[in-house]
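Each chain, written out:
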Amino acid sequence: MISLSKKAGIRTATKAASPAARIIRVEPSRGWVYLKLGELWEYRELLYFLTWRDIKVRYKQTLLGVGWAVIQPFFTMVVFSLFFGKLARMPSDGIPYPVFTFTALVPWTFFSNGLNQASNSLVGSANLITKVYFPRLTIPIASVLVGAVDFVFSFLILICMMLYFGIVPTINILWLPLLLTLVVIISLGVSLWLSALNVQFRDVRYVIPFLTQLWLFATPIAYPSSLLHEPWRTLYGINPMAGVVEGFRWALLGAKTAPGPIIIVSSSVAFLVLVSGALYFRRMEKTFADIV
Amino acid sequence: MGDVAIRVEGICKKYRIGRAEQNYRTLRDTIRDAFASPFRKAGRLLRRRGPSKPARNDEIWALKDVCFDVTAGEVMGVIGRNGAGKSTLLKILSRITSPTSGYAEIRGRVGSLLEVGTGFHAELTGRENIYLNGAILGMARTEIRQKFDEIVAFSEVEKFVDTPVKHYSSGMYLRLAFAVAAHLEPEILIVDEVLAVGDARFQKKCLNKMEDAGHRGRTVLFVSHNMPAVTRLCRRAILLEGGNLKTEGLSHKVVGEYLNSGHQNAAVREWIDQSKAPGNDIARLRAIRVRTADGKIAETFNISDTFAIEMEYDVLEPGCQLMAWHHFFNDEGIRLFESHDTDKAWLGRKRPAGRYVSTVWIYGDLMAEGIVYVSTGLTRLHPTERLLHERDAVVFQVVDSDGNSPTRGDWPGAMEGAVRPFLRWTTRLNQDTGKTLV
Chain A
23 MISLSKKAGI RTATKAASPA ARIIRVEPSR GWVYLKLGEL WEYRELLYFL TWRDIKVRYK
83 QTLLGVGWAV IQPFFTMVVF SLFFGKLARM PSDGIPYPVF TFTALVPWTF FSNGLNQASN
143 SLVGSANLIT KVYFPRLTIP IASVLVGAVD FVFSFLILIC MMLYFGIVPT INILWLPLLL
203 TLVVIISLGV SLWLSALNVQ FRDVRYVIPF LTQLWLFATP IAYPSSLLHE PWRTLYGINP
263 MAGVVEGFRW ALLGAKTAPG PIIIVSSSVA FLVLVSGALY FRRMEKTFAD IV
Chain B
112 MGDVAIRVEG ICKKYRIGRA EQNYRTLRDT IRDAFASPFR KAGRLLRRRG PSKPARNDEI
172 WALKDVCFDV TAGEVMGVIG RNGAGKSTLL KILSRITSPT SGYAEIRGRV GSLLEVGTGF
232 HAELTGRENI YLNGAILGMA RTEIRQKFDE IVAFSEVEKF VDTPVKHYSS GMYLRLAFAV
292 AAHLEPEILI VDEVLAVGDA RFQKKCLNKM EDAGHRGRTV LFVSHNMPAV TRLCRRAILL
352 EGGNLKTEGL SHKVVGEYLN SGHQNAAVRE WIDQSKAPGN DIARLRAIRV RTADGKIAET
412 FNISDTFAIE MEYDVLEPGC QLMAWHHFFN DEGIRLFESH DTDKAWLGRK RPAGRYVSTV
472 WIYGDLMAEG IVYVSTGLTR LHPTERLLHE RDAVVFQVVD SDGNSPTRGD WPGAMEGAVR
532 PFLRWTTRLN QDTGKTLV
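Note that the protein sequences, when read in sequence, are chains A and B.
Quick note on numbering: the first sequence equals residues 23 to 314 in our numbering.
Quick note on numbering: the second sequence equals residues 112 to 549 in our numbering.
Extracted from the complex, chain B is given alone in its bound form (with noise of 0.2 Å):
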């Protein structure tokens, strides 16, 4: 620590949108401006308005003054929401566009990843795309030599690598393109949300290479939507919105405050018009929620926070028999877990008609950490039929902010697994075996 590896003072970029379309010009519009401003210029001048020009509002600043330090070795996240200028500044960063005003100083090698299999073309083979690749990416033709087979073994396509890339499947095209730039070794590395590319297994991997990166002391800057990946790799992370930094501070800080201050809302569905809810004549779906154990509607847990799932609906056929319940997938698409409703007052009783709610409380300690899906439905029994589902009615998102969850133990690191729980141990020792065994 102690060296800047990234110094960021005052940064803006003014973007002009006025012809979405073109940002290029054509001869005419250059031609018509031409003839245009000297008339203007004049007309200025006469109504005495000075030489400032008047406020266009074709212009949007995509970043405005943004300071910042990232210190060498250090993995820093970029956080914020579509369009809060996280592109913009990787951009600029990468030298790729240039700042309106505002300076930054970088010292070492940088190396962009604002998009895997930059350059790649269908035409030309594995092989021959991993040196073009390399290339393009800032690797001499020695080091992708000498990395060839690394890279190969990595992406997983040994038998293919003779192949015309445009033979290959998606998914080992991702893997291919992934591999060459996961072995860029640059003493700077600026990274944008190219983990969310591949399958699950696949991003997995990336994602342990980019943590092997920070453990050598690379210094990273790291833009994901990702927020457990975000929280995981980085200490520090920025928050930017609007184009303005928000927040700059501890990782799990960052993300706690950028997913509590959403207005787009991932943990509540409501359906205001019963004819369009999911269901059909003998029950409906209202509303599900999520709800913290003070009843408040949140997205994100803690990963030993207790929470609640709300699930409101109608039932508009009476003397049925019916049961609500949650499948909860994470993010690879691995279902957890299922549950049913096990409310004993409702056990083996039929139902008369009215609204319901049904709560399932969710105990700390149980999910691992990162985003998970619900999918929710009704079934009725005798006979049985699956009256409505859901999938993907709400998402919530558990994350490990601090450390301290007590399933961790001793131990500091990441926990894989799809499922985290709090489980009995007991360790003893066993009298007197000290003196035997030594």
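The shape of chain A in the complex, shown without the other chains (with noise of 0.2 Å):
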């Protein structure tokens, strides 16, 4: 009968209120927003476990599970070097082409798988963004990095394929994880553009495969940089993979191509894509919930 003294004894750990309470206000949104990066670090843990679901789940219902990771970049691999390297005899910058198409395919994997998961990452998670409140951003970026797991084991057959065909890496190595970072940027920065235009414009989903399909031939995978002269070389930089492939090259085969400043112009339009992404989808964020 006497609800209000039952449970009283149960629980007593209540969290502390904190002492100034935050005001938050809830108002209409024009033109352009602050990016709320602070927020979204708040936020760092549901990024981690909305990453962690998609992985789990990823594994869970597929049968061959990491073997896909592998699978995808390993037989274009080997078409590629059946058609471009022995019947078309593309030039490969001296290094035996199997292993200088698959130092690209490797980030290039990376890239386009979270090109495909993160545009249907905003439509795909409509439930959650119609009923609970926390920054968007979370959604497209765990998709994005959902891929570090792929690229972990596709990294790992790179290697044995280098150990087989007996190349040493040189010191340009260290420059590795800078080049890790820059094709995390592109990746994000293009998936923030399409997640958020495919909610409004659902012709994006039609897009995807036909634009990577275009990209993967537009970037330097099955053929060198080194066929173009400058100052064209460096202007194919505007594509900010062919930085991302060319530097992998530098740094893990030791090719002499001297790809600086492709990496440069690479690097900058990354930034330049990310920074408009993450600006263009701040401002469509508050009409997500109505239109998704």
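Each hint should be verified, as a subset may be incorrect.
Unchecked claim - In silico BS3-like cross-links for lysine-lysine, where the CA-CA straight-line distance does not exceed 25 Å:
{"hint": "1", "chain 1": "B", "residue 1": "K175", "chain 2": "B", "residue 2": "K357"}
{"hint": "2", "chain 1": "B", "residue 1": "K175", "chain 2": "B", "residue 2": "K364"}
{"hint": "3", "chain 1": "B", "residue 1": "K175", "chain 2": "B", "residue 2": "K125"}
{"hint": "4", "chain 1": "A", "residue 1": "K78", "chain 2": "B", "residue 2": "K277"}
{"hint": "5", "chain 1": "A", "residue 1": "K82", "chain 2": "B", "residue 2": "K277"}
{"hint": "6", "chain 1": "A", "residue 1": "K308", "chain 2": "A", "residue 2": "K58"}
{"hint": "7", "chain 1": "B", "residue 1": "K175", "chain 2": "A", "residue 2": "K308"}
{"hint": "8", "chain 1": "B", "residue 1": "K125", "chain 2": "A", "residue 2": "K308"}
{"hint": "9", "chain 1": "B", "residue 1": "K320", "chain 2": "B", "residue 2": "K270"}
{"hint": "10", "chain 1": "B", "residue 1": "K270", "chain 2": "A", "residue 2": "K82"}
{"hint": "11", "chain 1": "A", "residue 1": "K278", "chain 2": "A", "residue 2": "K108"}
{"hint": "12", "chain 1": "A", "residue 1": "K78", "chain 2": "B", "residue 2": "K270"}
{"hint": "13", "chain 1": "B", "residue 1": "K270", "chain 2": "B", "residue 2": "K316"}
{"hint": "14", "chain 1": "B", "residue 1": "K357", "chain 2": "B", "residue 2": "K316"}
{"hint": "15", "chain 1": "B", "residue 1": "K125", "chain 2": "B", "residue 2": "K357"}
Stated by the list, open to error - What follows is a list of derived Cβ distance ranges for each label pair:
{"hint": "16", "chain 1": "B", "residue 1": "A251", "chain 2": "A", "residue 2": "K58", "range": "14 to 22 Å"}
{"hint": "17", "chain 1": "B", "residue 1": "D114", "chain 2": "A", "residue 2": "A148", "range": "31 to 39 Å"}
{"hint": "18", "chain 1": "B", "residue 1": "A251", "chain 2": "A", "residue 2": "I181", "range": "36 to 44 Å"}
{"hint": "19", "chain 1": "A", "residue 1": "I45", "chain 2": "B", "residue 2": "V549", "range": "50 to 58 Å"}
In case anyone wonders, no lab produced these hints; they're calculated from the structure.
Glycine included, C-beta positions come from ideal geometry on N, C-alpha and C.
Assembling the complex is the task here: the two chains are given apart, and the hints tell you how they should meet.
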């Protein structure tokens, strides 16, 4: 009968209210907004859990699980080696063709899978977006980060191939972490644009396969960028993945291509894409719940 | 009291409902609009209409100029019919969507439960979902770990905590989902109708948890269709109607206004066409009504009110001995009691054909608070045959709005039980025992 008192003794540890309670102001959104990266940091655990969920679900639901991480770039490498390497005799900067193309496919696969997953991520999380508040940026970011697991596995295959072909990395390998950061920045930037656009224009879903296919051939994966003369070669860096791919080859395989200028151009473009993508995303964010 | 926890100032929210099925735009729409708009603008200039847009009929205002305050530590109810704007209001206060104009100020950490089990994933185990769902609701990982055992115990799914939730029954799933939500401890809690889940016993548990939250001085904004819960949990309430704030005040008054403004009255059922009425060739039900002591049709009664259930039926075949009856169920589906026609004038008598009206009087201080469903029927005796049985024929609601029911004695709190009869008590002091005991 007495529901007032019967629970009183059970739980005592109520979270202490923060001394100066924050005031949240809910207002109409107008114009451009701040990125609110601090808030994103507050929700870092959610980012961790969303990433963790996607990884877990993926390996629970698929038969081959981790195998897919390897199959996709590996078979692309086999096909490229046969047609471009053997038949077309494509130059490969003096590096055995299979390892030349696979080194490029490892970051490329991370990028293209991230793009695919992230662009649909907001629409796929409609149930979350319409029911709970959290920084929406966490959703596409988590989708991109999920690819890190696949990246690790395909990178292991790459190491095996380097051992097989007897390639010893140079001191330039120290640049690898920065190149990794660059590929994450590019993937995120493009994903933010596409995922936010996809909420409003469902056409994006149909554009993505087409886009990644074109982009694959627009990036020096099956061929070296050294086929171009300056200044065109440096301008090639406007495709930010060109800088990443050439950078990977240079850092890991010791390709004597001196891709510095390309990487600088690519990094600038990547940074621009990321900042503009984040701004566009934030601007559209408040309408997601209404139109998703 | 004193500090304002939530201040809502002139909030409006406009939705476009032009294309009912798709809210998002396709590229085609945008391109078409882009081409069309210069011409439209030019046309408007030529006709000297000025820059003002013509009124669009595909826009609806889900909320119009809503203002109210919630003081810290208060449990405020939000009621209204479907489409009145309750959910939109909660979505704006939860920052899921932004208002078209106006603003709200919220002081403190907000937790909102617009749905239980948001983000649950069928492939993950109960344990994994507790962590995931907790994080989505805004709990820190350490906080979840600390409360983990308590959450599992509350949900009563201990044995299956490492089973993927796709193998759970729907009841287990909801219990687990609610258990996580119930352990959210923000300063301000926004709750939408989540108590309408699970079996009756679990619902009760959840209501107690809510009541508990109120007593701990947490600010709660609570949307519900369960009027007894609103009057019990909330001191004040607001009533929304068509996007406008209609009434704000003490919850029992607001609830009373809401229930009596209804057009869709659950307290009356009438069958105009005899051939479609429940029954058979011997007798047919024509109407059933719930009336107050002075004869008005009503669906809400104060717990101390006397009221009547009136049943109108046609006897088509003369010479049968008939008995009218009602079964009374509460919203947990428990049969509270049943009552049969006891009018001595007709006991043991064969009835001539004609239209009959049987009225049963239910005295005050008998029912408990809550919604009561009445199943009604007519049975022929000798030989016994059920002629008609209309389940949930009428529904009415008993509220203890002023808390003055004599059944309470001196007790101001909640009273449980399927019925709450007013029984005679006597208490006497044995003379002189005071001296021997002290």
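Each hint tested on the structure:
1. K175/B with K357/B: Holds, because 11 Å separates the two Cα atoms, which is no more than 25 Å.
2. K175/B with K364/B: 23 Å, holds
3. K175/B with K125/B: 9 Å, holds
4. K78/A with K277/B: Holds - the C-alpha atoms of K277/B and K78/A are around 15 Å apart, at most 25 Å.
5. K82/A with K277/B: Satisfied, since the Cα-Cα distance of roughly 13 Å is no more than 25 Å.
6. K308/A with K58/A: Distance of about 13 Å is within 25 Å: holds.
7. K175/B with K308/A: With a Cα-Cα distance of about 19 Å, the restraint between K175/B and K308/A holds, given a limit of 25 Å.
8. K125/B with K308/A: 14 Å, holds
9. K320/B with K270/B: 23 Å, holds
10. K270/B with K82/A: 21 Å, holds
11. K278/A with K108/A: Holds, because 22 Å separates the two Cα atoms, which is no more than 25 Å.
12. K78/A with K270/B: Cα-Cα ~22 Å, so holds.
13. K270/B with K316/B: Satisfied, since the Cα-Cα distance of roughly 20 Å is no more than 25 Å.
14. K357/B with K316/B: 32 Å, violated
15. K125/B with K357/B: Given that 25 Å is the threshold and the Cα spacing comes to 19 Å, the pair holds.
16. A251/B with K58/A: 14 to 22 Å: Given about 19 Å between the Cβ atoms, the range holds.
17. D114/B with A148/A: 31 to 39 Å: At 36 Å between Cβs, range holds.
18. A251/B with I181/A: 36 to 44 Å: 38 Å, holds
19. I45/A with V549/B: 50 to 58 Å: 57 Å, holds
Hint compliance for this structure: hint 14 alone is broken.
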